[in-house]
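S.K.: So you can see what is in the structure, the chains are spelled out below.
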Amino acid sequence: MMRFLEKVLPLFSWLCGAVLVAAISSVTGYLLFKGLRGVNLGLLFGTTDPVAALMLRQQVFDGLFPAMVGTLSLVLMSVGWAIPIGIAAGIYLAEYARGRTKMIFNLLFDILAGLPSVIIGLFGFSLTLFLNRHVSEALRPCLLISSIALAFLVLPYIIRTTQLAFESLPVQSRMTARALGASRLQNIVHVLLPQAFPGISSGVILAIGRCAEDTIVIMLTGVVASAGVPRSLLSPYEALPFYIYYISSQYGDQQELARGYSAAILLLIICLFLFSLAFLIKKGARYRTLYRP
Amino acid sequence: MEPPVKIRINSLSFCYNGRKVLRHTSVSFSTNSITAIVGPSGTGKSTFLMTLNRLWEELPNCSLQGTVEIRFNGVFSNIYEREFAVEKLRRQVGMVFQTPNPLPMSIFKNVAFPLELAGEKEKDFIRARVEEALQKVRLWDEVKDRLSESALSLSGGQQQRMCIARAMILQPEILLLDEPTSSLDHTGAEAIEQLLLQLKQNCTILVVSHYLDQVKRIADRVVELRDGQLCSR
Amino acid sequence: MIRGCERAVERLFFGAAFISALITISIFGFMFVFGLPLFSGGRFPEIMTRPWAPHLGVFGIYPMIAGTFAVSLLAMVFAFPLSMGCAVLISVTGQGRLSRLLRRTVEIMTGMPTVIYGFVGIFLLIPLVRGIFGSGSGMCVLSAALVLAVLVSPTMILLFCDSFERVPPSYGHAALAAGATKIQRFLHVTLPCAGQGIIIAFTLSLGRAIGDTLIALMLAGNGVQVPASLFDSVRTLTAHIALVFAADHDSLEFRAIFVCGMSLYLLTAILSLLARRAGSKRRQQ
Amino acid sequence: MQSIMNPLLGAVIFSLIFCTSAMAGDLDSFKGDKGELAIAGGTAHIPVMKEAARRIMTANPEIRISIAGGGSGAGVKQAGEGLVDIGNSGRKPSDEEIAKYGLHLFKWAIDGVAIIVNPGNKVRALSQEQVKDIFAGRISNWKKVGGVDKQINLYSRDEASSTREVFWKTALQEREIVANVNIIASQGAMKATVSQDPFGIGYISAGFIDESVAAVAFDGVMPSQQTVKEGKYAITRGLYSNTKGEPVGLTKKFLEYLFTVEGQQIVAEQGFIPVQ
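Protein chains in written order, with my numbering: chain U, 1 to 293; chain Z, 1 to 233; chain A, 1 to 285; chain Y, 1 to 276.
In isolation and in its complexed conformation, chain U is listed as follows (with noise of 0.2 Å):
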């Protein structure tokens, strides 16, 4: 048996690498193939002047700005929401929590990164429901309520980039200025910090390429076909990954379909782009922060 295994294992291998090539090569290249002649301004500003519609005076209706623009926001907010809370709660968890308290929150955030979008998507919808309700009727699925529940999202990678990158700082590194005389928090902001700041930010990347490419969570949240660049918090918006979702099921001609190759080559680069820079400031981020043994 082993024999055997000894002789076809590097076959084997080589035919795996051939296939996941093979398999991730047709998707970029059927992608670039049918929509790279699409990508020019005009895929952003359809007819609209691009002066015009960048300055807000006039609203684009068959172009990608507004979904760009829906995007933008939405990554910015809810790594707004995130950013403060998980790298706090990752310093924490990191650095003061001991024992039976460690071994709780570590148990709960496992569970919440390993939670389906979908998941956190239902729970942003019926937190709106009850909002709705309870609270106010001018509570409706909208930007806000879609940042906040990425916010949730996303909490788990800020959290856990940033408590891998304290604990993996060296114990000297730790103990150094405490022997002299630092303070916990001192040796935190002036020692820790500095050298954990590339872990940290490569976990803030991935939460915003996380974020870029939701599409699941914002369905059920706030995201709409069509409603132009969003004026405010509480108004529905488009966004891009959910723009490509919704052309391949309501696409009405060949043209529209186009459009939906172009868009998805544009959110591939944006994702593909923040996910290198994550990886070049920090090797293998993703994976280790999202199944942190």
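I should point out that these hints are in silico values taken from the structure, not numbers from a laboratory. All of these numbers come straight from a predicted model, not from anything done at the bench. Beta carbons are placed, not taken as given, at the ideal position from N, Cα and C, and that holds for glycine.
Chain U is faced by these chain Z residues, among others (derived, beta-carbon under 7 Å): (1) 87; (2) 90; (3) 103; (4) 114.
Using the hints provided, position chains Z, A and Y relative to the given structure of chain U.
M.R.: Only chains Z, A and Y this time, still in chain U's reference frame:
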């Protein structure tokens, strides 16, 4: 005349990772002297040093009973008393580790760091004290032109001397050293020995060491850690 | 003064961790409270075992549970050997530049947006599956599982590689010194020692496959039935939530998706716990 | 239910009769207005809503109109819950829903539900019995209804769809739909799917039919604007917009706009039968 006692340890027990490092041991150390602590490796000499500045509290799975009294301004106080501020203690009890541990900052910032932690803001004062400390460890001439370079660019011996300067900048009354020369070559080690002899003028020094000849050269007194007890040799 | 500040900041940090933990718990709380009307009167077993027929007043989620397992397990059947092969290629059989290149590709693949896999799946894979296998619409267990396998593989590969690297090199040196080839060293030393790591990778990837919504929603057909073949249209728990969440908020139909949510929550939580247990076992070794 | 909207309709008709210079004037009512309007629900309504919103927002950029799908069920419920201002439905909301939420209904178009197949499929006519048998799974091969020897791939809509409800009630006479049917979440998706599946059969709003799919005659009648209008085609329904309580402000103006000459023209352009 016997110099006055600086550190008084009473029935101290210390447990680390389930292992009893100290068992109801009592010992005292006199002011402005060098005491060498020797003993087989793995008996917990380093962790013993940490009981004197409470640094063990940063390690997991440790427990301690007994008292450690240190004389500050002529009065003995138990450093494990509730109201004793641990940061203040550590500013009075300097510590140098086995391997040089510069922080990832400039040389100047490294040495000035404890002062800044203590809340010192006067720039000129800091500058003067950094120079003084570096002079004391005889590093000033070597680094005075490159104070803003990273401390990591120094050689091992230089790094260790810088670490001593850093530990000395608050002018502690006690200095703990954990095999300070073990990662250095012969010349580096000799420079540090010289330095210690000079520092003992106004500092109580405890040094963990492996090298018997080194111990003979510098120590006023040798204490052995064996079976959880500290006894003079 | 400084003491007080120190204490206050620690409280603040604790507060942040506490809020995050509270979110985790309250998500479950919401699922439970909203799903409550379906639990009263001992209807729980009924929900888990009956079919879904809202017009007849039957709100069982059994077909969706079966669908979830069919799609995710089949995806794992594809993904596990594929990932193992690629991981071996990266850490054992591949050489220098090529293995680095493959690793980089895999790392970047972890960042592919799910919706893009779904999009390409609809227009490239579905017609292909329909064409090759002749019958059916192409939207089926097989299509969803294939795409899902590509989706979860990169993470699984990296986790495998990680678990191989964790095996102390001295073990491998011992084998090599005894005259073993690189492949023998891998099969006889590395692989047995990486056991817990492989379990971790498998459980976490399975959790991801179960939790994925978009691929199943776009490619599995969403038919409510217990699949009898690879070419049957199925609906997963996740897709069911996405399809039904717009129903009347007081109806049992709407309540039923919270039962789905709760089942998913428990399922993924159990997988996370299993992975954690394997992790602590590995640390003990 | 017409009685609820009588005053409004009356006003609209009145203005239609006396307003001869219609086109430019229909958007005048939005002048100086600002605010947001959220619309959700039936996917058949989306093209009309989009076009109307586009014209209104071009004329007055201060107005924001967002349009989401979700299906008729979602439209009725979300409007009733106050989550959106206008909830669209491809069926008349039930008396129970109207009473519960205090809905006001506005039926601005009539639509047929057409059975569609891939243009490559030769089958162009089915009887009601055949349709029932196909969707019940008793006929599972195109050969039995005059096509090629291939399995029939069934496509149906999700539970929140009113197209499904109308189709199920009228065409299938509330018979069982077989379990292995594929579920599609919107009109557009249905068209897209059937246009790609040479052996598929599904049903969509007649307004959505174009050259990418082929309509099938139902009991001998082809679905078209003409046959729907004349009542010859059997599977028809109204397209409704619903509000919770009496519509006011922007909501009211938007609904009024749908009943103007320009609004009804949009309805016709998108392939539906205007009510006027």
